[in-house]
Amino acid sequence: MKNLFVSLALAAGLLMAGAGSALAQTAPKDDQLYKAFGEKPGLVSLMDDFMVRLLADPRTGPHFKPANQQRVKEQLVDQLCALSGGPCVYKGADMKSSHANLDIKKSDFHALVEVLQQSMDAKGIPFRKQNEMLALLAPMNRDIITPPETAAKP
Amino acid sequence: MRKTLYPLPLLAALLITTAAHADTGKLLLTGGVSTIEGAAGGGLTPWAVVGSNATADEIGGSAYITHAGTGDYGLNVYGAAVGIHDRYELSIAQQDFNTRGTGVALGLPGLHLKQTIVGAKVRVLGDAVLDSDTLMPQVAVGVQYKTLGSTGLDPTFNALGAKRHGVDVYVSATKLFLGQSLLLNGTLRATKANQNGLLGYGATLGGNEDKYTLQPEFSIAYLVSKNIAIGAEYRFMRNKLESAGRAAGLGNGLRSEDWKDIFIAWAPSKNFSLTLAYVDLGVIVPATTVGRKQTGYYVSAQVAF
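Heads up: the protein sequence lines correspond to chains A and B, in order. If you're matching positions, the first sequence starts at 1 in this note's numbering and goes up one per residue. If you're matching positions, the second sequence starts at 1 in this note's numbering and goes up one per residue.
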């Protein structure tokens with residue numbers, strides 16, 4: 001039975017390695033995604049909409065009410081601009097230190113993604129382009145979500 | 001029928017308990033839909049995702065009902081799953097396979113083969129959705145304990161050397177290529193089941209060794225929009241019953257072939273999804289169905305929280 005498990009695991013690994021190599025998720029080499037989001041004015045308008053929804057949503061509101069919302073919006077614009085191949089440099093704090101001790105759960109992160117999807121829908125950004133942007137943002141969950149062992153104990 | 005319903009009270013209890021934690025936060029469609037065997041995945045093959053809307057720290061549940069109809073057979077399935085902390089999944093499914101003309105041909109009119117499948121799955125590594133900067137898939141291992149109810153076909157199973165219970169073990173790797181809106185799954189299953197267990201487990205007549213075989217299964221899905229996915233699946237089927245049937249003088253009358261489908265899944269909300277598919281289950285007991293391919297439709301509705 002042990003051998004069986006080993007061969008199962010090996011085979012599954014091979015399956016995925018073969019299938020995946022052509023589809024690596026890398027940062028954009030050009031600015032087509034930046035353009036699809038309407039460049040700087042598009043990102044500013046998207047983040048204005050996003051913050052209104054974040055504050056209104058009972059899942060995300062409590063996390064953003066105490067924040068300097070104007071500053072968060074500006075930093076998000078810079079961050080999405082840089083990620084999507086635009087001519088911006090993100091100069092804010094790194095994701096890990098700016099989210100330390102905020103007790104952010106995975107469900108909070110998912111809620112934020114959902115609200116961002118609502119905003120992108122509202123701005124008419126095509127679904128494929130939304131996913132390209134989300135693919136660049138999603139890995140930040142590792143720095144944003146509070147690891148279980150350091151989460152605040154009641 | 002009554003006798004086969006025993007898992008339901010247990011399920012109802014689990015679902016009611018978990019409903020108390022209904023504030024769950026997984027992204028739309030990322031818990032997969034319910035397979036015919038109860039585990040979360042596509043329609044015919046399990047994925048590495050953990051069913052329900054529950055993410056880390058949460059407990060969620062799902063329940064579903066599925067009907068498939070092919071030229072010569074009908075299959076009704078209902079079941080449920082509980083997802084715990086997006087890591088553990090417990091599932092149960094009750095399959096009711098209407099043999100229609102085959103039952104008549106075997107002198108057993110009205111023969112329904114009823115299979116109960118109790119499953120457990122554990123995610124061992126990765127996050128299929130959020131790890132979008134690496135090729136690392138979400139990987140899970142699972143086990144399914146399958147029991148076939150007693151019917152007038154028992155003497156036939158005995159003669160073929162097929163048991164009425166079996167255990168499948170599988171490993172699944174699922175990856176959402178978010179930037180491409182494309183999901184891939186590969187599953188490798190160790191099994192002795194004939195036609196997914198509906199025709200028993202193992203078949204020793206004619207000198208078959210009663211050993212596990214490894215059967216690969218593949219799924220591909222393209223996310224058309226936030227709540228619609230289209231895709232296809234291919235599930236390799238063990239075909240040991242054919243040689244047992246040949247030894248019994250049935251020629252290739254008990255041959256089985258690979259199962260395939262193309263599907264569309266629609267999730268109008270986080271709590272409900274509907275899956276429609278065209279299925280091709282190959283031949284099923286070609287001896288009594290003049291070797292017809294069992295093609296037809298598949299419809300499945302799921303509630304999840």
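Among these hints, one or two may not hold up.
[Stated by the list, open to error] Calculated cross-link-like contacts (lysine-lysine; reagent style DSS-like; alpha-carbon spacing at most 25 Å):
1) B:260 with A:105
2) A:40 with A:91
3) A:123 with A:35
4) B:226 with A:105
5) B:226 with A:129
6) A:123 with A:65
[To be verified] Where chain B lies over chain A, by a calculated footprint (3+ residues, C-beta under 8 Å):
7) 97-107
8) 129-136
[What the hints assert, rightly or not] Computed Cβ-Cβ distance ranges for the label pairs, DEER-style:
9) B:297 with A:94: 45 to 55 Å
10) A:30 with B:222: 19 to 29 Å
11) A:128 with B:71: 31 to 41 Å
12) A:68 with B:145: 53 to 63 Å
Everything labelled a hint here was simulated from the structure, so no lab data went into it. Note that this is a predicted model, so its numbers are computed, not measured. Don't be surprised by glycine CBs; every beta carbon is placed ideally from N, CA and C.
Hint-by-hint comparison with the structure:
The straight-line distance between the Cα atoms of residue 260 of chain B and residue 105 of chain A is roughly 39 Å, outside the 25 Å bound, and the hint therefore fails. For the proposed pair residue 40 of chain A and residue 91 of chain A, the alpha carbon gap of about 16 Å is at most 25 Å, so the pair holds. A distance of roughly 13 Å separates the Cα atoms of residue 123 of chain A and residue 35 of chain A; the hinted pair therefore holds under the 25 Å criterion. Restraint check for residue 226 of chain B and residue 105 of chain A: the C-alpha separation of about 23 Å stays at or below 25 Å, so the hint holds.
For the hint linking residue 226 of chain B to residue 129 of chain A, the alpha-carbon distance of about 12 Å falls within 25 Å, and the restraint holds. Annotation: proposed proximity of residue 123 of chain A to residue 65 of chain A holds, straight-line Cα distance about 23 Å (limit 25 Å). For the stretch 97-107 of chain A, the assignment as covered by chain B holds, since 3 residues bring a beta-carbon within under 8 Å of that chain's beta-carbons and 3 suffice. Coverage of the stretch 129-136 of chain A by chain B holds in this model, with 5 residues showing a Cβ closer than 8 Å to a Cβ of that chain against a need of three.
The hinted range of 45 to 55 Å is satisfied by residue 297 of chain B and residue 94 of chain A, whose Cβ atoms lie roughly 52 Å apart. A beta carbon spacing of about 24 Å between residue 30 of chain A and residue 222 of chain B agrees with the range 19 to 29 Å that was offered as a hint. For residue 128 of chain A and residue 71 of chain B, the Cβ-Cβ distance of about 38 Å falls inside the hinted range of 31 to 41 Å, so the restraint holds. Take residue 68 of chain A and residue 145 of chain B: their Cβ atoms lie about 55 Å apart, and the range 53 to 63 Å holds.
Of the numbered hints stated above, the single one contradicted by the structure is hint 1.
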